[in-house]
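Take these sequences, add in the hints, and give me the full structure.
There are 2 protein chains.
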Amino acid sequence: MAGRYWEDFEVGEVIDSPEAYEITRERLLDFATEFDPQPMHTDEAAAVAGPFGELVASGWQTLAVTMRLLVGSPLFESGQVVGVGLDQIRWLKPVRPGDVLRARGEILSMRPSGSRPNQGFLVARITTLTDGTAVAAYDVTMMVPRREA
Amino acid sequence: MAGRYWEDFEVGEVIDSPEAYEITRERLLDFATEFDPQPMHTDEAAAVAGPFGELVASGWQTLAVTMRLLVGSPLFESGQVVGVGLDQIRWLKPVRPGDVLRARGEILSMRPSGSRPNQGFLVARITTLTDGTAVAAYDVTMMVPRREA
Numbered sequence: 431m432a433g434r435y436w437e438d439f440e441v442g443e444v445i446d447s448p449e450a451y452e453i454t455r456e457r458l459l460d461f462a463t464e465f466d467p468q469p470m471h472t473d474e475a476a477a478v479a480g481p482f483g484e485l486v487a488s489g490w491q492t493l494a495v496t497m498r499l500l501v502g503s504p505l506f507e508s509g510q511v512v513g514v515g516l517d518q519i520r521w522l523k524p525v526r527p528g529d530v531l532r533a534r535g536e537i538l539s540m541r542p543s544g545s546r547p548n549q550g551f552l553v554a555r556i557t558t559l560t561d562g563t564a565v566a567a568y569d570v571t572m573m574v575p576r577r578e579a
Numbered sequence: 431m432a433g434r435y436w437e438d439f440e441v442g443e444v445i446d447s448p449e450a451y452e453i454t455r456e457r458l459l460d461f462a463t464e465f466d467p468q469p470m471h472t473d474e475a476a477a478v479a480g481p482f483g484e485l486v487a488s489g490w491q492t493l494a495v496t497m498r499l500l501v502g503s504p505l506f507e508s509g510q511v512v513g514v515g516l517d518q519i520r521w522l523k524p525v526r527p528g529d530v531l532r533a534r535g536e537i538l539s540m541r542p543s544g545s546r547p548n549q550g551f552l553v554a555r556i557t558t559l560t561d562g563t564a565v566a567a568y569d570v571t572m573m574v575p576r577r578e579a
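Order-wise, the sequence lines are chains A and B. Each residue of the first sequence is one higher than the one before, starting from 431 at the first, in the numbering used here. Each residue of the second sequence is one higher than the one before, starting from 431 at the first, in the numbering used here.
No wet-lab data here; the hints were simulated from the structure. Each hint can be trusted.
Some chain A residues near chain B, calculated using beta-carbon distances under 8 Å: (1) Pro481; (2) Leu493; (3) Met497; (4) Asp517; (5) Trp521.
Even glycine gets a Cβ: it sits at the ideal position worked out from N, Cα and C.
See the structure below:
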């Protein structure tokens with residue numbers, strides 16, 4: 431059994447995504463056209479008159495990219511992690527074309543599953559960063575496989 | 431001023447997205463390859479041995495599609511809605527290739543903005559449905575423009 435399992439984590443541990451992801455203008459526009467077609471996300475000129483005064487990425491793109499970065503991190507190394515729920519999603523700063531995102535997870539708590547002896551729960555605070563500044567954050571509860579006894 | 435503004439909503443109101451969106455196999459695989467590259471979302475054969483026993487959509491795709499459906503609904507008719515935060519995201523049922531998603535919003539509470547007299551806050555319970563069954567849900571706080579006084 432390769433990879434990191436429930437027992438291999440500990441409360442307080444901080445895990446940084448080894449990869450980064452650039453929100454290029456093309457990626458920003460492509461995502462927004464499909465999933466969040468509001469002028470502040472799809473139309474450079476109209477965005478100037480919008481709530482941010484400039485073109486910004488859909489908050490859902492920030493979160494989807496965060497998932498990609500986490501999947502490539504030790505948090506998902508078991509290959510069988512299931513997201514159970516999320517709380518307290520906050521978009522803290524606008525993400526602009528050219529911003530490079532990284533993801534960080536801090537383990538907040540751990541408990542074994544009562545009903546599934548081969549699984550455990552992790553609660554992690556996830557933060558999405560650009561140049562060290564948090565742009566989004568949420569708490570996630572994940573079900574992670576345990577090592578076979 | 432066309433569209434629906436803060437004053438035009440009321441607590442308890444239920445708004446259904448006029449559009450629907452099919453999670454075709456191609457869309458499912460494309461999204462997962464870019465944003466959630468885990469075998470349960472990207473590899474039909476490997477997914478059989480995964481936690482759901484079959485290929486399922488990334489939960490982030492369900493949420494991104496929900497955003498698209500909401501943007502096309504009266505909730506976003508003002509064209510200037512800003513999502514402030516989300517709570518209690520729950521993925522209730524797996525979404526499979528061929529599932530057709532619709533979105534529903536129920537207004538839970540409303541309050542004027544203390545600092546921005548031309549804006550108000552709406553809290554809505556968002557539910558994503560397939561054939562009338564909820565597959566995901568969350569509560570969102572949105573800042574919505576008010577009609578000019």
